[in-house]
Amino acid sequence: MKACVDIDAGICGFKTSAGASSPDGQMVAFDIESDCDNIKGLAAALKELEPIDAFREIHPAAENILLPTARAKLKGCCSGCVVPAGLFKAMQVAAGLALPRDIVIALRKE
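Using my numbering, the first residue of the sequence shown is number 380, and each one after it goes up by one.
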């Protein structure tokens, strides 16, 4: 299955589009395009680690790859970037571990 995600990261103005595909319902590969150099670096790092085992990624006791790799690549103000969460959700959908539904973070100052 293939899942596609379009992510508007917010105030930085960078946009990311990604596809997550899993021919066997477990091992996932990403195709990530972004305006952001940091996300491009994350995409390159993930390519070196693919395919990623989606079952291992969601297991609470296993060492996962996607989010720790994102933490290593997205430091400073990029630590709060929503792109890794979008990639994780796309991975889940591609592996049949979640249903495709939009995720929304609406931010406001009160």
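Do not take every clue at face value.
What the hints assert, rightly or not - Computed list of lysine-lysine pairs in DSS-like fashion (alpha-carbon distance at most 30 Å, straight line): (1) K394 to K381; (2) K394 to K454; (3) K381 to K488; (4) K454 to K468; (5) K452 to K488; (6) K452 to K468; (7) K419 to K454; (8) K452 to K426; (9) K488 to K394.
I should point out that these hints are in silico values taken from the structure, not numbers from a laboratory. The structure presented is a predicted model; accordingly, all values stated were derived computationally and were not measured.
Verification of the hints:
Note on K394 and K381: the hinted pairing holds, with a Cα-Cα distance of about 20 Å set against a maximum of 30 Å. At roughly 18 Å between alpha-carbon atoms, K394 and K454 fall within 30 Å of each other, so this suggested pair holds. Distance check on the hinted pair: K381 and K488 sit about 36 Å apart at the alpha-carbon level, beyond 30 Å; violated. Of the supplied pair hints, the one linking K454 and K468 holds, its CA atoms being roughly 21 Å apart against a limit of 30 Å.
Between K452 and K488, the direct Cα distance comes to roughly 28 Å. Compliance with the 30 Å bound is thereby established for this hinted pair. Among the hinted pairs, K452 with K468 is consistent with the structure: their alpha-carbon atoms are about 19 Å apart, no more than 30 Å. As the CA atoms of K419 and K454 are separated by approximately 14 Å, the hinted pair is consistent with the 30 Å bound. The suggested pairing of K452 with K426 holds, with an alpha-carbon distance near 14 Å, which does not exceed 30 Å.
At roughly 23 Å between alpha-carbon atoms, K488 and K394 fall within 30 Å of each other, so this suggested pair holds.
The structure is inconsistent with hint 3 alone, although it conforms to all the rest.
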